[in-house]
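S.K.: Each chain, written out:
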Amino acid sequence: MQVLYFGWVKSRIGISKETLSPPLEVTNVVTLIDWLKGQGDGYAAAFNDAASLRVAVNQEVAPLDTVISDDDEVAIFSPMTGG
Amino acid sequence: MQVLYFGWVKSRIGISKETLSPPLEVTNVVTLIDWLKGQGDGYAAAFNDAASLRVAVNQEVAPLDTVISDDDEVAIFSPMTGG
Amino acid sequence: MIRVQTEDFDIGAEITRIGADNTEIGGLASFVGLVRDYAGDEKISAMTLEHYPGMTEKELFKLETEARERWDLQEVLIVHRYGRLKPGDRIVLVVTASAHRKASLESCQFLIDWLKTKAPFWKLEDRESGAKWVDSREQDTVAADKWV
Amino acid sequence: MIRVQTEDFDIGAEITRIGADNTEIGGLASFVGLVRDYAGDEKISAMTLEHYPGMTEKELFKLETEARERWDLQEVLIVHRYGRLKPGDRIVLVVTASAHRKASLESCQFLIDWLKTKAPFWKLEDRESGAKWVDSREQDTVAADKWV
Chain A
1 MQVLYFGWVK SRIGISKETL SPPLEVTNVV TLIDWLKGQG DGYAAAFNDA
51 ASLRVAVNQE VAPLDTVISD DDEVAIFSPM TGG
Chain B
1001 MQVLYFGWVK SRIGISKETL SPPLEVTNVV TLIDWLKGQG DGYAAAFNDA
1051 ASLRVAVNQE VAPLDTVISD DDEVAIFSPM TGG
Chain C
2001 MIRVQTEDFD IGAEITRIGA DNTEIGGLAS FVGLVRDYAG DEKISAMTLE
2051 HYPGMTEKEL FKLETEARER WDLQEVLIVH RYGRLKPGDR IVLVVTASAH
2101 RKASLESCQF LIDWLKTKAP FWKLEDRESG AKWVDSREQD TVAADKWV
Chain D
3001 MIRVQTEDFD IGAEITRIGA DNTEIGGLAS FVGLVRDYAG DEKISAMTLE
3051 HYPGMTEKEL FKLETEARER WDLQEVLIVH RYGRLKPGDR IVLVVTASAH
3101 RKASLESCQF LIDWLKTKAP FWKLEDRESG AKWVDSREQD TVAADKWV
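Chains A, B, C and D are the protein sequences, given in the same order.
Numbering-wise (our numbering), the first sequence opens with residue 1 and increments by one.
Numbering-wise (our numbering), the second sequence opens with residue 1001 and increments by one.
Numbering-wise (our numbering), the third sequence opens with residue 2001 and increments by one.
Numbering-wise (our numbering), the fourth sequence opens with residue 3001 and increments by one.
Excised from the complex, chain A in its bound form (with noise of 0.2 Å):
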């Protein structure tokens, strides 16, 4: 599963883009952050404020609860600020 951070989720995190094999228990983007929270400070420092979160699976915002598999493209990052 590829996995991209950016703004500040990024800086927290100190990488912009992993590959990653999470266990089973894993299916949605919800549980994922939940497992990268045990991954480190720095994870759990950038998944602290949830409601904070956006995410994107496959290139398109998407919620939380948006059941995800090792062929997606999912990205984690703060509220966009473009413009």
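Don't read these hints as lab results, they were simulated from the structure.
Nothing here was measured: the structure is a model prediction, and the numbers come from that model.
Note that CB positions come from ideal geometry on N, CA and C, so glycine has one too.
A couple of the hints might just be wrong.
Derived CB-CB ranges, DEER-like [unchecked claim]:
no. : chain 1 : residue 1 : chain 2 : residue 2 : range
1   : D       : THR3048   : C       : ASP2135   : 44 to 54 Å
2   : C       : ARG2003   : D       : GLY3088   : 21 to 31 Å
3   : A       : LEU20     : D       : GLN3139   : 52 to 62 Å
Residues from chain B shown here face chain C by an in silico Cβ test under 8 Å; the list is partial [claimed, not checked]:
no. : residue
4   : PHE1006
5   : TRP1008
6   : ALA1075
7   : PRO1079
8   : MET1080
9   : GLY1082
Assemble the complex: chain A is given as a structure, and chains B, C and D must be docked to it using the hints.
M.R.: Chains B, C and D in isolation, oriented as in the chain A frame:
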């Protein structure tokens, strides 16, 4: 009194500007227009549709009942179409 | 700033000049009005704009002042041409600049809405059927009244 | 048309190109977003925009499509820069063209409102006190929701 015409008012009258010495009964723009109507067919045609006429006195938009005197610059025109 | 002129204007140069050396500007909104080649079903070969020298400058200045009172603007530019124009020619340019986008976008729309009904210009179209003065449009009055 | 690029753009050239050879256009509205030199009380020395390659182009294309569905537009152009910018630098250009001014003015405002909250860009400011990601603003969400 300087009197200017613009838009289709000008086209119908055939001139853009004239210096007039109206009679004493001309005290405001309404009475000026009434008097001008008697000055020829062009004037009559120009001022036929009173509701469509717009007026400026001394280069400020003004209502038809604005009091005017010989020192004033009066403009009578069709609705403005700027922009 | 306001200008009434027969010459064309350079949109990029005007907008760039307004933005230059002012790093407090976050948003620049602009509108350009152009001569179309038709009116209703009829082709137009040219459009002659006449205006009321003296009053025009005063009215445009009033519009600029009104916009600056209503919004927090860094810059305002209105350039309005008169004389004989061809389809595709530029007629008017409005540029507004503000720290945040809302003020520039709203004031730009306000200025062009009020220019339509309050600036002493008149447009004579050369149509296939002859010369015709452009009528004021009911929707322009509605758009202008929205800001009262 | 949409473009995502690091290079600057030439406002006048972009607007003029859109208007060229299309005499059905009566109104061209545009908006340019610029880097300001302050945020709140703090000076900003630079702003780095990052984006999500792939998704950005898709989202901008969706925005263009949405604008064309809502308004009768002759042309739409969105140019959005990314990378490291200095105060006064241009960030984004939106240009819309229509027969009558209302469609171009409204759609230009719509596009910039939606770009603020729907385009996958993130802004990192170099402040005196250190690097800071720009927060989304509540009023941007309100402005975007107005068009829903």
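S.K.: For the hint on MET1080/B, does the least C-beta distance to chain C fall short of 8 Å?
M.R.: holds, 5 Å
S.K.: Under 8 Å is the threshold here; is the Cβ of PRO1079/B close enough to any Cβ of chain C for the hint to stand?
M.R.: holds, 4 Å
S.K.: Under the criterion of a CB-CB separation shorter than 8 Å, is PHE1006/B in contact with chain C as hinted?
M.R.: holds, 5 Å
S.K.: The hint names ALA1075/B as touching chain C; please verify it with the least Cβ-Cβ distance against 8 Å.
M.R.: Because about 6 Å separates ALA1075/B from the closest Cβ in chain C, which is inside the 8 Å limit, the hint holds.
S.K.: I want to verify a distance hint. Is the separation of the beta carbons of ARG2003/C and GLY3088/D within 21 to 31 Å?
M.R.: holds, 24 Å
S.K.: Would you check whether GLY1082/B satisfies its interface hint, that is, whether its CB is within less than 8 Å of any CB in chain C?
M.R.: holds, 3 Å
S.K.: Hey, does the TRP1008/B contact hint survive, CB to chain C under 8 Å?
M.R.: It holds, given that the least Cβ distance between TRP1008/B and chain C is near 5 Å, below 8 Å.
S.K.: Taking the Cβ atom of THR3048/D and the Cβ atom of ASP2135/C, is their distance within the range 44 to 54 Å?
M.R.: Since THR3048/D and ASP2135/C have Cβ atoms about 53 Å apart, the given range 44 to 54 Å holds.
S.K.: Could you check the hint for me, namely that LEU20/A and GLN3139/D are 52 to 62 Å apart, CB to CB?
M.R.: violated, 37 Å
Violation of the numbered hints given earlier is confined to hint 3; every other hint is satisfied by the structure.
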